[in-house]
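The residues making up each chain are set out below.
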Amino acid sequence: MDDPRRTLEAVWRIEGARIVGTLARLTNDVVLAEDLAQDAVADALSQWPESGIPQNPGAWLTAVAKHKAIDGWRRRTRLDERYLAMGHDLAVDATGTDGIAAEAWEPIDDDVLRLVFIACHPVLGREAQVALTLRLIGGLTTVEIARMFLVPVATVQQRIVRAKKTLAAAKVPFEVPDPTEWRARLGSVLNVVYLIFTEGYAATAGDRWMRPELADEALRLGRILTGLTPREPEAHALVALMELQASRFGARVATDGTPILLADQDRARWDHGQIGRGRAALARADALGRGRGPYALQAAIAECHATASSVATTDWGQIVLLYEALGRLAPNPVVELNRAVAVSMATGPASALAIVDSLADDGALRGSHLLPSVRGELLSRLGRIEEARAELVVAAGLATNERERAVLRAKADAL
Amino acid sequence: MKYMLIMRSDEAARQDYEKADINEIIEKMGAYNEALFKAGVMLDGDGLADSMADNFVVDFSADPPVITDGPYGETHELFSGFWMIQVASKEEAAEWASRCPLGPGSKLEVRRVTEMSDFGEAADNPVLQQQEQWRAESGQA
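In order, the protein sequence lines correspond to chains P and D.
According to our numbering, the first sequence is numbered sequentially starting from 31.
According to our numbering, the second sequence is numbered sequentially starting from 48.
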């Protein structure tokens with residue numbers, strides 16, 4: 031418990047975004063801010079074991095980083111306005127190590143919000159957005175991010191370095207998007223958070239089907255976001271969706287690691303506290319009175335499952351309606367495939383097969399195991415066993431997750 | 048992982064609390080709760096009523112159990128409130144707990160919430176599953 035390194039990691043998780051946010055406001059340079067903060071963290075690692083952990087570790091790190099900024103400018107004799115502003119800022123506070131500990135630090139939520147938008151800035155690729163969001167907002171170390179995504183530490187380091195270079199090259203200012211861009215930019219932020227969640231919910235790589243720690247991280251990011259943008263229904267809806275989906279974690283995997291599909295899950299094992307939180311978050315989104323967006327519709331679908339006592343008593347008609355609405359707002363072949371599954375439950379496999387066949391003709395899901403696995407399922411319910419088996423074998427061949435592949439093979443063998 | 052922060056206060060702390068400026072306490076606790084909320088770690092929390100009239104103890108040393116007024120008996124430190132937080136490490140739970148605006152005579156007992164995995168093989172025990180079902184039906188968890 032007294033390990034300064036682990037305490038520092040905990041402090042960084044809690045304060046990292048606000049520290050970098052404060053520094054970015056003072057320097058108007060996110061990249062410099064992050065470098066300064068990391069230097070301060072290095073100082074903490076070498077000093078805290080001797081000096082003890084300061085009373086207010088976040089303020090200590092911020093103050094040390096500010097001093098480093100000023101030293102840097104002094105060395106380069108760039109006594110520009112930023113230096114003067116910060117010099118003034120620091121002159122008001124006490125200086126010296128004792129002063130650092132006592133220095134007042136009032137982080138501003140808006141700084142964190144600006145940081146969120148920059149981490150998910152459209153000049154960055156998706157992988158860079160994910161890595162920067164986890165690093166800057168989630169306060170995760172490079173090693174932690176690498177472990178979560180099952181990639182080498184050097185890969186994550188490289189992504190972050192490149193992302194920072196891109197931000198510098200694009201001269202991205204430290205500000206929130208203007209009203210004309212707000213909706214699209216917020217959408218991209220929500221997208222990044224949900225991407226982190228889905229990688230935890232149904233891992234695309236590795237030998238584990240789920241990585242709950244990644245999903246928990248996404249949930250934390252989502253909750254942080256609702257705190258920063260409490261008037262945005264889709265932010266609440268995203269939290270609702272993640273809570274409702276994560277509530278099934280305990281029931282989705284057998285003791286040997288095999289995935290258990292929705293129909294076969296022991297619903298007593300769903301986390302009903304989490305379902306309650308998810309439903310409350312959806313109610314908050316609805317209460318803002320601006321209608322349901324794509325995340326709210328998906329959350330409402332998840333809520334239909336979460337509140338049903340079995341597959342048979344699920345309101346499949348309502349789910350079909352919600353998928354139809356979702357398909358119109360955000361047309362997407364995966365949504366269409368899910369609608370087919372709901373239709374098969376509401377009105378039978380024949381009408382569902384027609385939807386799947388027209389999707390197959392479009393070719394949008396070519397290369398994904400999802401379409402043949404659903405098609406195989408429908409064919410087997412229609413008694414077309416040979417065709418069903420062939421589809422499931424194709425699906426197993428296309429699945430990238432080991433556990434999922436095994437389930438599909440077993441299904442094909444069982445026919 | 049989830050932790051419960053269990054607040055316990057001794058008699059002197061409770062008396063200090065009665066004498067203190069309630070608005071100041073509300074403000075400080077409000078700021079603490081807001082920090083937990085904005086950091087995305089807060090799941091639940093509440094304070095527990097102190098009045099003798101509302102509280103009682105069921106003691107299972109006897110059969111049938113004996114009900115007595117007040118939770119106090121031999122207890123000098125009273126369970127007076129709780130938070131439920133979700134964090135990534137024991138150190139993070141410790142960091143949050145130590146930021147709680149409490150004074151002398153108060154303690155936070157920090158306990159990790161058990162998960163199904165803590166029960167190992169016993170997680171398949173029908174009684175445990177029945178318990179989950181009951182929690183489901185009553186809307187608790």
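Everything labelled a hint here was simulated from the structure, so no lab data went into it.
Every residue gets a Cβ at the ideal spot worked out from N, C-alpha and C, and that includes glycine.
Treat each hint with caution, since some may be false.
Below, a sample of chain D positions facing chain P; criterion: calculated Cβ distance under 10 Å [claimed, not checked]: (1) Met51; (2) Leu52; (3) Ala82; (4) Gly92; (5) Gly94; (6) Leu95; (7) Asp97; (8) Asp101; (9) Gly128; (10) Phe129; (11) Val134; (12) Glu138; (13) Glu156; (14) Arg158.
Structure-based check of each hint:
no.	hint	verdict
1	Met51	violated (12 Å)
2	Leu52	violated (15 Å)
3	Ala82	holds (9 Å)
4	Gly92	violated (13 Å)
5	Gly94	violated (19 Å)
6	Leu95	violated (19 Å)
7	Asp97	violated (26 Å)
8	Asp101	violated (25 Å)
9	Gly128	violated (18 Å)
10	Phe129	violated (14 Å)
11	Val134	holds (8 Å)
12	Glu138	holds (4 Å)
13	Glu156	violated (14 Å)
14	Arg158	violated (15 Å)
Hints 1, 2, 4, 5, 6, 7, 8, 9, 10, 13 and 14 from the earlier list are contradicted by this structure; the remaining hints agree with it.
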